[in-house]
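Novice: Chains as they are written, first to last, in the working numbering: chain L, 1 to 773; chain A, 1 to 243.
Keep in mind the hints are simulated off the structure, nothing from the lab.
These numbers were taken from a predicted model, which means no experiment stands behind them.
The reader is advised that the hints may include incorrect statements.
Computed footprint of chain L on chain A; a stretch qualifies when at least three of its residues, placed anywhere within it, have a C-beta under 8 Å from a C-beta of chain L [unchecked claim]:
1) 121 to 134
2) 192 to 202
Cβ pair distances, simulated, as ranges [said to hold, decoys possible]:
3) A:Arg-122 <-> L:Arg-759: 46 to 54 Å
4) L:Val-756 <-> A:Pro-72: 26 to 34 Å
5) A:Gly-190 <-> L:Pro-296: 56 to 64 Å
6) L:Ser-281 <-> A:Pro-40: 45 to 53 Å
Some chain A residues flagged as far from chain L (calculated, every beta-carbon gap over 10 Å) [unchecked claim]:
7) Ser-26
8) Glu-30
9) Asp-84
10) Ile-86
11) His-94
12) Pro-97
13) Asn-98
14) Gly-143
15) Arg-153
16) Met-214
17) Arg-217
18) Asp-220
Virtual Cβ for every residue (Gly too), placed ideally from N, Cα, C.
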Amino acid sequence: MTAILVKAIADLRRRRVQAVVIFVTVLLSIGTGTMAVTLMSQTRDPYQTAFQAQKGAHLQVTFNPKTDPKLLAATPAAIGASAFGGPYLATGLEFKYGDRKYYQNTFGRDTPGGAVEVLKIAGGRWPRANDEIVLTRSFAELNNVPLGAHLRVTSVPQTPMLTVVGEVIDIDEGSADLSSQHAWVLPAAIPALTTPDSRFYAMDYRFPGDPTSSQLAGYVDRLRASLPPGSISGSVNYLLIRSIFNITNQILTGVLSAFSVFALVATIAIVAVLVTGIVISAYREIGIMKALGFTPAGVTGVFTLQIVIPALAACLLGIPAGTLVSQPLLANSSHALGLPYTPSFSISLDLLILVAGLLVVVVAASLPALRAGLLKPITAITNATAPRGGSGRRVRRQAARLGLPRPVILGIGDAFARPLRAVLTVVTVLIGVATVVVAIGLPRSFLLINNSETGAGRYQVLVSRSDAYPDSEVMRILNAQEETARVVAVGGQNVVIPGISDPVNTRLLRGDSAQLGYMVIAGRWFTAPGEVLAPKGLLQEAHLKIGDQVTGSVNGEPLQLRVVGEVYDISNLGRSLFMDLATMAAVRPAIDPFTYYVTLKQGTDVNAYVGRVAAAQPDLIDVHASDTSIIAPVKIIDSVLLVLAAVLALIGVGGVFNTLLLNTRERVHDTATLKAVGMSPRQVIVMVAAAAGLLALVGGLLAMPLGLILHHMLNDVISSSAGNDTPPGAYAVFNPLELGVIPLLAVAVAMLAALVPGRWAARTNVVEVLHSE
Amino acid sequence: MSELVRLTEITKVYQGGVTGALNGVSLTVEEGEFTAVMGPSGSGKTTLLNLVAGLDRPTSGSVTVAGSDLGPLGETALARFRRDHIGFVFQFFHLLPNLTVLENVLIPAQLKSRVSSEAAGRELLAQLGIAELADRYPAKLSGGQQQRVSIARALINRPTLLLADEPTGALDTRSGDEVMELLRQLHRQGKTVLLVTHDAKLATRYAARVVSVMDGRIVDDARLETADREASDVIKVRGEETR
């Protein structure tokens, strides 16, 4: 054993560059893998932990204000709830802070505690007076609203002031960047903060165990049956909230896991190439080792150990590094859920990663090393060198027909002289380039979707009105501005759709809404009242398809709808409806829009427009430029993708570098001969670079379809996790020129990587090499 | 005849070497000469050849070939010089194993210019009697055939000077004789040949001039066509090598 170790360490010292290649490759792949596994294990349903701790509501239901509170108090027993909170009198509160106005459903509650939906105070305290309010920490942080801030309520004519006295963590709603937020005041404060139209009741229910989606639907049905028609105006279950909470981590861990596997495959390819190359170059040495008494297992061990030692060093560094890099993401997740963040890692998990990582390296190294172990000593000593690789003749012939310079032709032949090595190298390039394609494509797809959701390029100004200010007045102000090109007004109403347990939030649009840029995946945009579009999530859950008629209900009144299209919309994970505002006139004529998307004429100064419209009614309307920036979770995913692309591209470069190094060392004699017959150093470099270029070109060209397929698949997975089909535009985010340029960039990078081995080859000392026979 | 090679006070000391491989050697070779550099192993004869080919640089002194002082030339210029002026025949042939015979022969021409004359390559192979081997790989050839390919490769660019380093060293006697006959024919056709060998009989049989090197110094320089020296005199000088 000592002899094996001594020999392996001696060889390692001699092959320092290869050791560095293995170290870097394993470091990058094990680091990425550790990050993925740590995130997966440490964030495995953190929501559930917080949900239990805060006695989260399995079901939150809002009721029509005309519903008798006594009837509501009897509902828990009627539907078999094990605990409940409420009924809480609540209102849609509009308030102004700084120059921004916000809308929040605000609940009257005496205490943050209770049997259901415990609100965890993260800062400040619970309200003690009617002019105090508590916000979610998520909302306060996103909008920079500090404790002590004064909010002017604009939804009632008296415009009272409320002071923010506390920040809470509520497990029963998503984060502020993904969901609308709740606020709380004392119950006695509600009457002064509400108009008759904006008040409602809310109840929270918990059931034994963790009810399934269908069980929850059953509870809602029983609730509906126990109350007068139209009593339920909205409901949300914990499964939806949990999905919203987990979606970022789910996407992140999914992406990380997929690319960790890629990194692992690339590492295996590089290790296999390296060991094969070392065995080939050490033929005579293998013979001598065997002559000295090394057993086949001993010889295999020497070659495997040369790889395992740097791999072990890389694991020892990569695993803590991966764990460390995953901490900010874990901290982010804990913070959002109000869970205390403590640096979380699992020693047993890290050990498992170490063992698994090393096992993969050992297998990848020992299989080609077996060739050395099984070699007959006399063959190895007699031949001194391994049989030459194939000539790459066919490739060279093709290249010669193109009239390429001879060094290029020779390099091209060298690239595929050893087909297995070439294939494995192409695999590493392929993985690297495919990842780059995905890392370029996905953020663009996200941007496209973000633009459709935020109306980027479609409208520039968002106006919201207070209930106290009529729709007609807002329209008058907007139409009076000569820069106004188009106004689309948006209202909302929950509609009960058969097959969907919770009432569906509906976007009611007035004006030329087809121009808003919502992505229609199939069918068409509505053109008449009664026509409706919905995302895949709703269509699937309600078993609807384009062309189907469905009878929904609003406040107990039937509403005839016909599905004319499938639209992309991530709100409530694809459970929403889009229709003309006039559709709702059939059941509730009083509905007015509350938000206005304003498209300005070209060249308009948006800020000046915003200032002028806001000045027309400073208190009762909120006017601001449309915010089209990417939301934080998407930014995180984009950044992770970028890092992954860099890691895998680097591994790809390492693969090419490794192969060129082996090729140039293996062909040092040929290079010396070529120099002796007149090949210049520059031509030697060109020859080596040509080999690199061809490998990268083949890898790059193969990577394009693979990258596009991956991009397609990831888009589908992400869209589907948000309850949608992928909009066709999200696939087509590359232009043909880019598709051509990306493989060429891979070629350029590979040729740059070839400069080092190329220069080494160019410096081959002809006299030393040719006379060392 | 004009002077083709001039070595002036050449010294070559290898790294770690106590004594030089060459110590103050001066030598000129005229155009059209067939010169043999003869000496025992380690005498410095191959070093001398490498310096003439521009494969190695002297520690001191100057090397001028075909009017070019090789001293100031960089690696690229030296490569160009070799392409234009030197044909090199090695003891172990040094053919590229993954190229066919014809491709091996054409390599220097293709390095020199994109337009390589396949016809010229085939003609050379025909002249050397190995036309039928054009598409074979070196591994399939005998030593003698490989050396002929190596000579064809050395001639493809019509070099000013043909250098041969122990060209028969890896061959059996018959193949060795055939190769030397070829070199003699090339010399008769006007080619300048500089042959390195440790075999005195071979040197005196084919070369018109024999330069004997020992311990890095020229110890004898015999022009065999002249009346003052006989081949046997040269053999006498190197008697221990020919026993």
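Novice: Does the Cβ-Cβ separation between Gly-190 of chain A and Pro-296 of chain L fall within 56 to 64 Å?
Specialist: Holds - the Cβ-Cβ distance for Gly-190 of chain A and Pro-296 of chain L, about 60 Å, lies within 56 to 64 Å.
Novice: Taking beta carbons only, do three or more residues of the stretch 192 to 202 of chain A come closer than 8 Å to chain L?
Specialist: n = 0 at 8 Å, threshold three: violated.
Novice: Please verify that the nearest CB of chain L lies beyond 10 Å from Asn-98 of chain A's CB.
Specialist: violated, 4 Å
Novice: Far enough from chain L: is every CB of that chain over 10 Å from the CB of Gly-143 of chain A?
Specialist: At about 14 Å from chain L, Gly-143 of chain A clears the 10 Å cut-off, so the statement holds.
Novice: Verify this label for me: Ile-86 of chain A is non-interface relative to chain L, using a Cβ-Cβ cutoff of 10 Å.
Specialist: The assertion about Ile-86 of chain A is violated, with a minimum of 8 Å to chain L.
Novice: Once the closest CB in chain L is found, is it more than 10 Å from Met-214 of chain A?
Specialist: holds, 19 Å
Novice: Per the stated criterion, does the least C-beta distance between Pro-97 of chain A and chain L lie above 10 Å, as a non-interface residue requires?
Specialist: Violated, because the least Cβ-Cβ distance between Pro-97 of chain A and chain L comes to about 5 Å, which does not exceed 10 Å.
Novice: Is the claim that Glu-30 of chain A lies outside the interface with chain L correct, judged by CB distances over 10 Å?
Specialist: holds, 24 Å
Novice: Say whether it holds or is violated: Asp-220 of chain A keeps its Cβ farther than 10 Å from all Cβ of chain L.
Specialist: For Asp-220 of chain A, whose nearest Cβ neighbour in chain L is about 25 Å away, the distance exceeds 10 Å, so it holds.
Novice: Could you let me know if the closest chain L CB is still more than 10 Å away from the CB of Ser-26 of chain A?
Specialist: holds, 21 Å
Novice: Find the nearest Cβ of chain L to the Cβ of Arg-153 of chain A and say whether that gap is larger than 10 Å.
Specialist: violated, 7 Å
Novice: When you look at the beta carbon of His-94 of chain A, is every beta carbon of chain L farther off than 10 Å?
Specialist: violated, 4 Å
Hints 1, 2, 3, 6, 9, 10, 11, 12, 13 and 15 from the earlier list are contradicted by this structure; the remaining hints agree with it.
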